[in-house]
Amino acid sequence: MEKLNPEIIRGKNLDACYAAITRDFQGLIQGSIERKGYATIALSGGRTPAGLFEAIAHSPTIIDFPWHKVFIFFVDERVVSPDHLESNYSLFRTHFMAYLPLVESQVFRMPVEIKPLSVAASHYQQTMVEVFSSLTKREKPYSDDQFPVFDLILLGMGQDGHTASLFPGHSALSQRKWVAAVEADQAVPPVPRLTLTFPVINHADTVIFLINGEEKVRLAESFLSNISQENYPASLVNPKRRLLWYLAQ
1 MEKLNPEIIR GKNLDACYAA ITRDFQGLIQ GSIERKGYAT IALSGGRTPA
51 GLFEAIAHSP TIIDFPWHKV FIFFVDERVV SPDHLESNYS LFRTHFMAYL
101 PLVESQVFRM PVEIKPLSVA ASHYQQTMVE VFSSLTKREK PYSDDQFPVF
151 DLILLGMGQD GHTASLFPGH SALSQRKWVA AVEADQAVPP VPRLTLTFPV
201 INHADTVIFL INGEEKVRLA ESFLSNISQE NYPASLVNPK RRLLWYLAQ
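Numbering (my numbering), first residue to last: 1 to 249.
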């Protein structure tokens with residue numbers, strides 16, 4: 001696949017990035033709903049996305065948004081209970097879902113309570129197959145080289161250049177299934193995780209990165225200025241249509 005030219009947007013601060021991404025989010029999702037009748041998104045967790053979730057949820061233009069046509073998945077999840085402070089799902093419920101007319105049937109939590117974790121990964125992939133097949137009215141099963149097409153995936157990046165729960169040097173980087181189980185000692189906190197894989201991320205229509213903090217911004221700029229730096233998993237993200245990097249200065 002040809003490498004996209006990323007759109008790099010430098011905000012004067014994190015709030016400015018929140019406001020700009022909120023506008024992009026609404027425009028992209030509204031456009032998908034107008035074209036297809038629905039929209040699919042995958043969300044990341046963490047402290048920075050929590051602020052973005054609240055910015056979107058409290059936007060004055062969100063009140064008439066057709067949320068009943070939006071279907072929400074997760075980019076990754078830690079193996080903790082759904083109400084744990086480190087749970088991405090819990091963060092989503094607290095900072096996003098609590099303010100919006102979303103129902104549980106539109107939100108697809110990663111089932112990290114299923115053991116072994118490889119079975120949980122297969123379970124989530126099957127959920128994605130069923131939802132996307134229903135939305136697209138797909139009659140044939142997905143082959144091994146076919147993947148869902150998310151309208152939008154929101155990502156962040158760690159100080160080591162990881163994104164989702166795809167860490168430098170980890171075998172999950174080359175995984176071809178839709179969802180991978182990850183035992184990552186370098187993760188913070190160092191707990192097992194589930195994550196969407198690069199084939200799924202790179203089949204998305206649009207990916208938006210939000211990067212905050214001097215070290216992370218400097219790292220992002222270092223590999224955005226080069227054609228490829230495969231030591232940094234975030235540099236391998238290459239969706240189908242648009243790749244936006246928001247850098248909070």
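Hints were generated in silico from the structure; no laboratory data involved.
It is possible that some hints are incorrect.
Below 20 Å or equal to it, Euclidean Cα-Cα: the simulated DMTMM-like pairs (lysine to aspartate or glutamate) are [stated by the list, open to error]:
1. K177 - E221
2. K115 - E34
3. K69 - E130
4. K36 - D145
5. K69 - E7
6. K36 - E2
7. K3 - E139
8. K177 - E215
9. K36 - D24
10. K240 - D83
11. K69 - E113
12. K36 - D144
13. K3 - E215
14. K240 - E139
15. K137 - E215
16. K137 - E230
17. K240 - D24
18. K177 - D205
19. K12 - D64
20. K115 - D185
21. K12 - E215
22. K12 - D24
23. K12 - E221
24. K3 - E183
25. K240 - D64
26. K240 - D205
27. K115 - E139
28. K69 - E215
Predicted, not measured: the structure shown is a model, and the values here were computed from it.
Worksheet item: Would the pair K115 and E34 pass a check requiring their Cα atoms to be no farther apart than 20 Å?
Response: violated (40 Å)
Fill in: Straight-line alpha-carbon gap K240 to E139, limit 20 Å
Roughly 23 Å between the alpha carbons, so the hint for K240 and E139 is violated.
Item to complete: Assess, step by step, whether the Cα of K12 is no farther than 20 Å from the Cα of D24, and give holds or violated.
Response: Given that 20 Å is the threshold and the Cα spacing comes to 17 Å, the pair holds.
Item to complete: Given the hint that K240 pairs with D24, test it: the Cα-Cα distance must not exceed 20 Å.
Response: Given pair K240, D24 holds - Cα atoms ~17 Å apart, limit 20 Å.
Worksheet item: Can the restraint linking K12 and E215 be considered satisfied, given a maximum Cα separation of 20 Å?
Response: holds (16 Å)
Practice prompt. For the pair supplied as a hint, K115 and E139, confirm whether the alpha-carbon distance does not exceed 20 Å.
Written response: Not satisfied, since the Cα-Cα distance of roughly 31 Å exceeds 20 Å.
Worksheet item: Are the Cα positions of K36 and D145 separated by 20 Å at most?
Response: violated (23 Å)
Fill in: Satisfaction of hint between D24 and K36, Cα-Cα up to 20 Å
Between K36 and D24 the Cα gap is close to 18 Å, so the pair holds against 20 Å.
Worksheet item: CA of K69 to CA of E7, is that 20 Å or under?
Response: violated (28 Å)
Worksheet item: Hey, K36 versus E2, does the alpha-carbon distance stay inside 20 Å?
Response: With Cα atoms ~26 Å apart, K36 and E2 exceed 20 Å; violated.
Practice prompt. Would you check the hint for K137 and E230, treating anything up to 20 Å between C-alpha atoms as holding?
Written response: violated (37 Å)
Worksheet item: Does D205 lie within 20 Å of K177 when you go C-alpha to C-alpha?
Response: The given pair, whose Cα atoms are some 19 Å apart, holds under the 20 Å limit.
Going through the hint list in order, the structure does not satisfy hints 1, 2, 4, 5, 6, 7, 8, 10, 11, 12, 13, 14, 15, 16, 19, 24, 25, 27 and 28.
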